[in-house]
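**Q** So the protein lines, in turn, are chains A and B.
Going by the working numbering, the first residue of the first sequence is number 1448, and it counts up by one from there.
Going by the working numbering, the first residue of the second sequence is number 1448, and it counts up by one from there.
Heads up, a few of these hints could be off.
Any copy will do: because identical chains look the same in the list, a pair fits if it lies in one copy or spans two.
Pairs of lysine to aspartate or glutamate, DMTMM-like flavour, derived with a Cα cap of 20 Å [said to hold, decoys possible]:
id	residue 1	residue 2
1	K1506	D1493
2	K1511	E1491
3	K1506	D1492
Rather than coming from a laboratory, the hints here were simulated on the basis of the structure.
Protein chains: 2
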Amino acid sequence: MYVVCVQVHVKPEFVDDFIRVTRENYEGTRQEPGNVRWDFSQSEDDPTRFFIYEVYRTKEDFPKHQQTPHYLKWKATVAEWMAEPRVGTRFLNLYPTDEAWNV
Amino acid sequence: MYVVCVQVHVKPEFVDDFIRVTRENYEGTRQEPGNVRWDFSQSEDDPTRFFIYEVYRTKEDFPKHQQTPHYLKWKATVAEWMAEPRVGTRFLNLYPTDEAWNV
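Produce the entire structure from the sequences given, and follow the hints as far as they go.
**A** This is how it looks when you write it as structure tokens:
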């Protein structure tokens, strides 16, 4: 499993729009055969900050995701809504083991 | 669902010990009725950096986790292995909806 963590900081006036549009990206991404998780959450302390936890079966499935229509539409739509650049960090799964994910 | 993200930076000489001991915390935590996910991964770029993605059914389940024997043992064991203080961030789940998590 290949893990991508994305931290997002949105301009306050676009919080509702961002949630709506990101839901569409979530729904599209979960249809990708290489995607096993795409969890979207909002900071408890600051509603303009979000976290996306993305898990793919392999490293190669992530660039495939980045070429999908739902991702490209999302990327273009939210570009002007960012309060600062998104921060993405990539990890290699340790536990549960890949075999234990049962997805 | 209540999400806790933990970023960990370990002293290089303790990387293997940290993985071993954190596995035990993972195994204990996944037995807690309030825990639904506890994913443990290692940075692709820097093997001394780790990420733990913890999900609980409710906010109240997180402090319960922090009182468990497996957590307290882990906390004490890894204390001297940290290269810098751990960073924890808390989020409220948006998507998938709580009902859709199927856990």
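**Q** Pop the pair K1506 and D1492 into one bin, within, between, both or neither, using alpha-carbon distances up to 20 Å.
**A** between (32 Å within a copy, 13 Å between copies)
**Q** At most 20 Å between C-alpha atoms: does K1506 with D1493 qualify within a copy, between copies, both, or neither?
**A** Between copies only: 16 Å across, 31 Å inside.
**Q** What label fits K1511 with E1491 when the C-alpha limit is 20 Å: within, between, both, or neither?
**A** between (31 Å within a copy, 18 Å between copies)
Consistency note: the structure conflicts with none of the earlier hints.
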